[in-house]
Each structure stands twice: as structure tokens, then as C-alpha cells.
Amino acid sequence: MKLSSPKADIYVPSGMEEGKALARTTHLCIAAHQDDTEIFAYHGIISCFGKSDKHFSNVTVTDGAGSPRAGLYASYSDQEMQDIRRQEQRKAAMIGEYSIQIQLSYPSSIVKNPAAPDVVDDLCAILTGIEKPLEAVYLHNPADKHDTHVSTMLRAIAALRKLPKNKQPAKVYGCEVWRDLDWLNDDEKQPLATNAAPAVAAALLGVFDSQISGGKRYDLAALGRRVSNATFYASHACDTCDSMTYAMDLTPLVKDPSLSVADYTLAAVERFKNDVKSKLTKLG
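Residue -5 is where the sequence shown starts when you use my numbering, and the numbers rise one by one after that.
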């Protein structure tokens, strides 16, 4: 696997040879920042945790510079924060038993530049190294309000579209971080159960101390959102699980490269608008 990024960091918790660890991947996450994966792709992590026939791998695209900092980390430079966040992501990979953790370490400015080919090229190199068609790929959702998250998703879609048809993933999920997906109509939500191994879920989030100490309780917020999703998913039925993440089905965007990501997303928004309008009209 040849990567363009000179700062790329590759970590295999098991000590297995890198190529083999990547090749056996069945579930893959491509996320913008350190800790994004642990917030939105726990379904993929726990689907593989402790299993010999399923393997979760993670790609973190940016270098983590520019994050807010306070307390112990208040005086840390951008470079020191990058080093800390890199190590935190490695710790998460160990806790979650990831097959391979790849940190590309690109500045956000590169990721957000659609004319810069390196991010897509590196993602293509990674995808090419995976032996079988993936069962699931976890991405940011297209309506996320964070520019770097949306850019990372767009680069990932571009790379996935380059795969031959027989190597394309079975499912591609757009997940929640900086904007939830409660606005999706219920029949379009992809409810992903995250209630297994709650201690592992908490440990994966808690390891990112530099972000939590920076004044953002991502650990509590992510776990709380999962409970909220499960509780408010169905108004007239008992809960089948007490923790879930919502995802948007992005699989059609990979299967049909002619689809516009913007049009696909806005069509879902329009269906939600029509549902609200229909209900108000009927009941008013």
C-alpha cells in the first residue's frame, strides 16, 4: 500500500503484517477526525468485536490540528495536539480491536479542496488492498454541518465509485456527528443497534481525553444521542434495543456514479418537507 501523505501513520494492534490486516477487513470507516469513528461508527466496531470472521478497520483522514483545548492541554501547540490525538486514536484502535488503523494526517485545507487528488488517491490505494467486497462502509452524512466532515464524505464517495462493480460494498452508511438525522423520514432511517458491550462503547469515547478536557463532553453526548435515538424511534412500539445510531443510506451514490450527492440529499429533505406538510394539512 503506497500512500501519498508523508505523515501517514499506520497501526495494527494485533501486530499482524499491515497488508494482511487490511486485506481481511469486512467493515470500514472513513472519518475526518480522531474520535469521529468512535462517535458514529460504533455499530461497525461492535459488529466485529471479538469475532474471528469479521474485522473492522478505520481511516482517519485529517491531522487533528486546530482543535479546541483547555485544562491540561491549554498550552499545547498544534503539533503537540496532533501528536496527542494520533496516540489517542491508536489507543481506541487497541480497545476496539481494529484490524488496522490508518491516519492519513492531511490538513483540513487539503481535504476540503476538490481539486487536490491525494486524498482520493490514498483512499483508492486503501480500498484496493481490501480482499473481499466490504459488508459495510461508515461515512459522515451529507447534511453534516462541519465542512471537513462533508468533504471527507465526498472524497470517500469518489474513491468508492472507482471500485469495480464486483468489489463495491454491500452497504454505505452516512452517520451522525455534527447534525443528527432525526429529520429523515422514518422509513428512510437506517437504525443501527449499538447496545452491545456498553463498557467498550464508553471506553472508546473516554480515551479521547484531549477533546473531552477541551470542554466538549463528546463521550456523554454520543452515548446520550444513542439512547435518545432508540427511545424516540418508534412512538407506538416497545423498544427493541436501548441504544442506536441513525444512518442515511448512501449505497445508491456508490452504485450509480451519475447520481449527484447534493440532489440525492436534497430529495430526502424534500420528502421530509412533504411529510410535514401532509400531516399538517390532514390534521389542520
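Hint data in this document are derived by calculation from the structure and do not stem from the laboratory. Please read these numbers as outputs of a predicted model, since none were measured by experiment. A portion of the hints provided could be inaccurate.
[Said to hold, decoys possible] Label-pair restraints from in silico Cβ distances: (1) 180 with 107: 30 to 40 Å; (2) 129 with 271: 33 to 43 Å; (3) -4 with 277: 53 to 63 Å; (4) 62 with 255: 23 to 33 Å; (5) 44 with 111: 36 to 46 Å.
For each residue, glycine too, the CB sits at the ideal point set by N, CA and C.
Cross-check of the supplied hints:
1. At about 37 Å, the CB distance of residue 180 to residue 107 agrees with the hint of 30 to 40 Å.
2. Range check, residue 129 to residue 271: Cβ separation about 37 Å, and the 33 to 43 Å hint holds.
3. Range check, residue -4 to residue 277: Cβ separation about 60 Å, and the 53 to 63 Å hint holds.
4. Against the hinted window of 23 to 33 Å, the Cβ-Cβ separation of residue 62 and residue 255 comes to about 29 Å, which satisfies the hint.
5. Distance hint check: the CB atoms of residue 44 and residue 111 are about 38 Å apart, consistent with the given range 36 to 46 Å.
Consistency note: the structure conflicts with none of the earlier hints.
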